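The sequence shown begins at 1 in our numbering and counts up one residue at a time.
Just so you know, the hints here were simulated from the structure itself, not pulled from any lab data.
Quick caveat, the model's predicted, so the values are computed rather than measured.
Errors might be hidden in some of the hints.
Using C-beta positions, here's what the derived DEER-type ranges look like [as the list claims (entries may be wrong)]:
#1 77 - 153: 44 to 52 Å
#2 51 - 140: 47 to 55 Å
#3 105 - 128: 29 to 37 Å
#4 104 - 136: 22 to 30 Å
#5 72 - 104: 32 to 40 Å
#6 51 - 143: 50 to 58 Å
#7 107 - 129: 26 to 34 Å
#8 112 - 45: 33 to 41 Å
For glycine and all other residues, C-beta sits at the position ideal for the given N, C-alpha and C.
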Amino acid sequence: MRYPVNAPGFATRPVELETAGMFSGARLLQGGEPAPNGSRRGTFSLRQDDGRAVMARFRPSPFVIDPVPALEIDGRRIEVVRSFRWYELTWIALPVVLVFVGGMLGAIVGFVAAAINAQIMRTGQPLAARYLLTAGVTAFAVAAYGVIGILFLGLVGR
Numbered sequence: 001m002r003y004p005v006n007a008p009g010f011a012t013r014p015v016e017l018e019t020a021g022m023f024s025g026a027r028l029l030q031g032g033e034p035a036p037n038g039s040r041r042g043t044f045s046l047r048q049d050d051g052r053a054v055m056a057r058f059r060p061s062p063f064v065i066d067p068v069p070a071l072e073i074d075g076r077r078i079e080v081v082r083s084f085r086w087y088e089l090t091w092i093a094l095p096v097v098l099v100f101v102g103g104m105l106g107a108i109v110g111f112v113a114a115a116i117n118a119q120i121m122r123t124g125q126p127l128a129a130r131y132l133l134t135a136g137v138t139a140f141a142v143a144a145y146g147v148i149g150i151l152f153l154g155l156v157g158r
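Could you build the full structure based on these sequences and the hints that come with them?
Written out as structure tokens, the structure reads:
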């Protein structure tokens, strides 16, 4: 998914952030083209309207499961999307409770479901649809944990 970056000095060649895919990381685009790599690892070189080149880099999101990284351009932090509110974060991370019930298996299933929930909450769908979809993902995660647990116990012979 692409998000416009509202940073001063990029009116003629707008900057967009493209979130990570299944097998690729997040990317910066300028004028619809991938931004060239910067001089240091993990940086991008962006050209402002006045012709000056500035460095941009992704900053880790304070919440690991947020699919949209924070962005820093020329030393200034740019808010691409608003942070999740506390109640959204609680709802998104609800499947992580499986950690306390199911150990390592619960952690894996819970964190995968939480990451999917975060991606759903960042879509442009209506609010009710996002909450219903994330509730379905959470319910599916609990059911999947139960099925995988039963299969595992059957294989071990308990």
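Right, here's what the structure says about each hint:
Against the hinted window of 44 to 52 Å, the Cβ-Cβ separation of residue 77 and residue 153 comes to about 48 Å, which satisfies the hint. Look at residue 51 against residue 140: about 51 Å separates their beta carbons, and that is inside 47 to 55 Å. Distance hint for residue 105 and residue 128: a CB-CB separation of about 32 Å, consistent with the stated range 29 to 37 Å. Between residue 104 and residue 136 the beta carbons are some 24 Å apart, a value that agrees with the proposed interval 22 to 30 Å.
With their beta carbons about 35 Å apart, residue 72 and residue 104 fall inside the hinted range of 32 to 40 Å. Range check, residue 51 to residue 143: about 57 Å between beta-carbon atoms, so the 50 to 58 Å window is met. A beta carbon spacing of about 28 Å between residue 107 and residue 129 agrees with the range 26 to 34 Å that was offered as a hint. For residue 112 paired with residue 45, a C-beta distance near 35 Å keeps the hint of 33 to 41 Å intact.
The structure is consistent with each of the numbered hints, conforming to all of them.
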